[in-house]
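Engineer: Here is what each chain is made of, one letter per residue.
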Amino acid sequence: MSAQGSVGCEQFDVHADELALGQLDEPLRSALLAHAADCPHCRSLLDSLGTVADRLLLAAPRVEPPAGFETRALSRLDMGAARPPRRSISLWWVAAVAGGMVLAGAFVAARLDGEPKAATATIVAAAGGEVGSVQLIAEPTPHVLVTITAPRPGPATRNCELQRPDGTWVQVGWWDAADVASGVWAVGIDPTLLDATAMRIVSDGDVLATAAFD
Amino acid sequence: MMRHLDRLSDDALLAAVALEERDAVAVFVRRFQRRVYGLAVTMLGDAALADDLAQVTFERAWRHAGTYDARRASVATWLLTITRNLAIDAMRVRRAIPFDPDLVSQLLPHSSAVDPQQAAIDADQLGRLGVELAGLPVEQQRAVLLATLAGRTASEIADIEGIPVGTAKTRIRTGLRRLRIAVAEVAP
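Protein sequence lines, in the order shown, are assigned to chains A and B. If you count by the working numbering, then the first sequence holds residues 2 to 215, one letter each, in order. If you count by the working numbering, then the second sequence holds residues 965 to 1152, one letter each, in order.
Reference listing, derived: stretches of chain B covered by chain A, where coverage requires no fewer than 3 residues with Cβ under 8 Å from a Cβ of chain A: (1) 987–999; (2) 1046–1056; (3) 1102–1114.
Hints in this document: simulated from the structure, not taken from any laboratory. For glycine and all other residues, C-beta sits at the position ideal for the given N, C-alpha and C.
Build out the structure end to end from the sequences listed, making use of the hints.
Structural biologist: Structure (structure tokens):
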């Protein structure tokens, strides 16, 4: 344990509950957070108390909002300012499970069970060996879902390309290996690409892996 | 389309929201509005203010859907945390929110002997945490729930319960720290 500024572990412990509940004002709040940043013991205490406080919110009473709430909420989104710009491609996490690539893949497969799937294929590394799977999914919006269960070392940036029935390849997105710690990556695609015959992962002109849809 | 969206898990539905699927946003609002509004009105005690805050919550969720991390919390917890933080900010600006004395009893875990159906829902939502919560002395349950679900400070809880501030702090502290152990064993 260590002390940071004017706050030590004993003082942190006194205020940790109020800090986790979001009830402390400045400057004490910042001083305690600065201490937690440097002290693993106090950071762990704060994390666990925060988790309790957050999860207890699930016990809140469920109350029907006033009539017309849904319409008002959706109108607010229509009128609101634009979302923050997304990355060059609409990269999003379907799920991320700490503890391993295989777990992540299984988790996502379970989560998406029941959604109409257009096609599924095994991803095979250029050097041989299965490295994961790819799915073309039509609902709720057309997207491609890549699950890497056996990651291979290589360049940081990976481009995902789909092959149309006429043989042409279309880049649909990219990811940085460092970002995809969960092993799961997905991107929205044009509906016409749901008929793709193959997928490949390319980096600097080299084909790292391929998958052929049945 | 909507029929398919209704069947999605919470995680998959939020992913669809992140993909800017318009119908998904409507389903998302419909699925969680009772929870979000329920927490907002519990904390604020004002229907109009809670209505507005719940709308802002969904706007925030829509804006930041892409940052949701399933490793840290369930979608419901993530959404309610947004609600709670907004409500705390609102309460700071608008202090002296009147307290409904019936609120405490509404917040307490439901007894399986008195209301088995609601007790089952509580158990499903909170898992081991709910069991531990129900096992706390009632005065600690009240203090913890007033602090978390109603957003009340130790000083306000002392006024509500008619106890010294130090006693209110002790009840919150003791209760939360017993619940820590349960959380460590419960997945998000």
